[in-house]
Amino acid sequence: MAELGFFGKIARFFRNVKAELKKVNWPNRSELSSNTVVVVVTVLALIAFIGVVDLILTKSITPFIM
Numbered sequence: 040m041a042e043l044g045f046f047g048k049i050a051r052f053f054r055n056v057k058a059e060l061k062k063v064n065w066p067n068r069s070e071l072s073s074n075t076v077v078v079v080v081t082v083l084a085l086i087a088f089i090g091v092v093d094l095i096l097t098k099s100i101t102p103f104i105m
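Under our numbering, the first residue of the sequence shown carries the number 40, and numbering increases by one thereafter.
Treat the hints as calculated values from the structure; they're not laboratory data. Backbone N, C-alpha and C define an ideal beta-carbon position, used for all residues, glycine too. Each hint should be verified, as a subset may be incorrect.
[To be verified] Here are the simulated distance ranges between beta carbons:
{"id": "1", "residue 1": "Asn74", "residue 2": "Lys48", "range": "34 to 40 Å"}
{"id": "2", "residue 1": "Val76", "residue 2": "Lys98", "range": "31 to 37 Å"}
{"id": "3", "residue 1": "Lys48", "residue 2": "Val92", "range": "57 to 63 Å"}
{"id": "4", "residue 1": "Ala58", "residue 2": "Leu85", "range": "49 to 55 Å"}
{"id": "5", "residue 1": "Ala58", "residue 2": "Leu96", "range": "46 to 52 Å"}
{"id": "6", "residue 1": "Lys57", "residue 2": "Thr97", "range": "50 to 56 Å"}
{"id": "7", "residue 1": "Arg68", "residue 2": "Val91", "range": "46 to 52 Å"}
{"id": "8", "residue 1": "Leu85", "residue 2": "Asn55", "range": "49 to 55 Å"}
{"id": "9", "residue 1": "Gly90", "residue 2": "Glu59", "range": "36 to 42 Å"}
{"id": "10", "residue 1": "Ile89", "residue 2": "Phe45", "range": "43 to 49 Å"}
Assemble the whole structure, with the sequences as input and the hints as a guide.
Quick look at the structure:
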């Protein structure tokens, strides 16, 4: 097998990427929608939790440093 040059290696890389993407089991629209809702709800819950913890820590530590 001949040694590939720089551009030959790049071309082989993209051919391999294309082949791997064909193997992926892509979700259908309903799976995608439900997973998106789960992610958004989880992120919002984490934002609320971190915000509450930050507020509590700020209110409890501020009197000691002022």
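Results for each hint:
1. Asn74 - Lys48: 34 to 40 Å: For Lys48 against Asn74, whose Cβ atoms are near 35 Å apart, the range 34 to 40 Å holds.
2. Val76 - Lys98: 31 to 37 Å: The hint (31 to 37 Å, Cβ to Cβ) holds, given that Val76 and Lys98 are roughly 33 Å apart.
3. Lys48 - Val92: 57 to 63 Å: violated, 49 Å
4. Ala58 - Leu85: 49 to 55 Å: violated, 37 Å
5. Ala58 - Leu96: 46 to 52 Å: The hint (46 to 52 Å, Cβ to Cβ) holds, given that Ala58 and Leu96 are roughly 51 Å apart.
6. Lys57 - Thr97: 50 to 56 Å: The hint (50 to 56 Å, Cβ to Cβ) holds, given that Lys57 and Thr97 are roughly 51 Å apart.
7. Arg68 - Val91: 46 to 52 Å: Violated - the Cβ-Cβ distance for Arg68 and Val91, about 35 Å, lies outside 46 to 52 Å.
8. Leu85 - Asn55: 49 to 55 Å: violated, 36 Å
9. Gly90 - Glu59: 36 to 42 Å: About 40 Å separates the Cβ atoms of Gly90 and Glu59, which means 36 to 42 Å holds.
10. Ile89 - Phe45: 43 to 49 Å: With a Cβ separation near 46 Å, Ile89 and Phe45 satisfy 43 to 49 Å, so the hint holds.
Hint compliance for this structure: hints 3, 4, 7 and 8 are not met, and every other hint is.
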